[in-house]
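Chain A is already provided as a structure; the job is to place chain B with the ligands on it using the hints.
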Amino acid sequence: MSTIVLLALTGLGLGALYFLVASGLSLIWGLMRVLNFAHGAFFTVAAYAAWTAQGALHGLPSPWMRWFAALLIGITIGALFATLTEVLLIRRLYREQIGQVLVTVGLALATLALVQGGFGSDPKQVQLPAWMTATTAVAGAAIPNTRLLAILAAALVLIALLLFLQHTRYGLIVRAGVENRAMVSALGIDVQRAFTLVFAIGGAAAGLAGVLGGAYYGTVDPVRGTEMLIFAFIVVVIGGLGSVTGSAAAAVIVGLLQQFLNYYAAPGVGDFAVVLLLAGVLLTRPGGLAGGVL
Amino acid sequence: MSGGRTLLNVRDLNVYIGESHILQNVTLSVREGGITGLLGRNGAGKTTTLRGILGLVERTGSITLDGRELTNLAVHEVVRCGVGYVPEDRDVFSGLTVAENLRLAERPGSPLRYDLVYGLFPELAQRSAQKAGTLSGGQQQMLSLARALLNGDNRILLVDEPTKGLSPLVVKQVAAALLRAAELATILLVEQNLSVAHRLVGDVIVLDQGRIAYTGHVDTLMGDPALARRYLGLAAAGEGHTRT
Ligand SMILES: Nc1ncnc2c1ncn2[C@@H]1O[C@H](COP(=O)(O)OP(=O)(O)O)[C@@H](O)[C@H]1O
Ligand SMILES: [Mg+2]
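Quick mapping for you: the protein sequence lines, in order, are chains A and B. Numbers 1 to 294, taken from this note's numbering, label the letters of the first sequence in order. Numbers 1 to 244, taken from this note's numbering, label the letters of the second sequence in order.
Same shape as in the complex, but just chain A:
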């Protein structure tokens, strides 16, 4: 029983990280029809920015304060990097799908090379407040607190995104734009501003995932953003491109499937099963699990 609880919460924790990356990816695709291969780079840069900040902020009195300051810096850097990516690169290429792929893949590769050049290829240990290296007993299982933290953060982000989409003017513009961008501009709305905003939100969420990922794994690693991106893309497709709740549901399914099968079948089987699930969804429900953006 305790093994099942441990696997379930670990899977949910992993799913939480996938969701944080996938939600932005999904909204960016839904609104702009851009496949953003640079989204993993937002994760990576934020993770390293937070790691660097923690080292630089040793003047702050408590480990919690240091970690929290680093978290805010990571989120901000993620949002900023994403915003610049949209404004400087993607904006010129909205009509050129091939150009978008080349530019975002190029940015991802360049970021990886720069991070490896600057920080080395090996993972770096992350300093964490004591609570984050401890566990909490849940139904008899000792759950690492970082899993619980990731789950809580993802749940809060999901709620915030839904509130944004349902109750703000920009949320309305995003929901409408996912259906029909041209008609949104034909109502006199500068849909470009919504594009930039969605990139910023996606970058912030990916940045949050980058910092939480550092806590989850205890290290930052130059290639983790790429791994996250691959699973996040799978989550986005299974959940329905453009759907936030679809991404959340798919992230949970993928995280749980991976953990349980990697444990009970054999390591690697879980990852393989995720790809099979992707194929199954594509064959039976090409639009993914969800319909609209919510």
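Here are some, though not all, of the chain B residues that point toward chain A, as calculated from beta-carbon distances under 8 Å:
#1 Leu56
#2 Val75
#3 His76
#4 Arg80
#5 Asp91
#6 Phe93
#7 Ser94
#8 Gly95
#9 Arg147
Honestly, the hints are just simulated from the structure, not real lab data. Built from N, CA and C at the ideal position, the CB exists for glycine as well.
Chain B with the ligands alone, transformed into the frame defined by chain A:
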């Protein structure tokens, strides 16, 4: 309505889609007030003309509204100059409620005419919390019209086949709404239902294979069966004598 001044001026509008030259030097002007008809057979280029005016397709040429150059503006900027658009396939946002569709259409700074649109289309008020995707075709058309009528600062409405596929009762309602709207803004109307077109429009512009083929008054066009048949198809024959 003759002698009114020109509100919309389109000069040498050219549109290419892929290799095809869809619009060829389309030059037209729309007088302020009333309803001008933009007619022509299927595929003549009516929809592309409206989309070209808005900038929804790439085009060359010059477009002015009340003397103001629109040609180099982005779509949303053209619209903010006071151009309302009711697209051919309605294009309501199906995942948004009726109220949300209307709220999205609200333009900052524009006087909003909720009383007018709910007065013309009471069904929209009753169904304001309903998703637009669950409305009937006629109700979706009402919503699409309502989005354009909502903004009090619209100078001209570009309305593309608003009665297509609707029941006779809804056609009547839509026609009445257009007449009411024409008291508040100029309308450029694409309409394939010729009896409706004849009843609503004054000036007509006829497109044929991407070029302007005729401009004049609707009575003159409909009164000449040979002319009407040539530009509007067989259905037009005899229309001139059965004005409703
Ligand atoms: N997106 C498009 N791609 C290719 N051809 C198009 C496209 N849109 C319109 N056309 C062509 O342009 C011509 C004019 O179309 P349209 O403006 O829709 O005509 P109308 O509204 O008068 O029926 C047609 O021959 C149509 O096939
Ligand atoms: Mg048409």
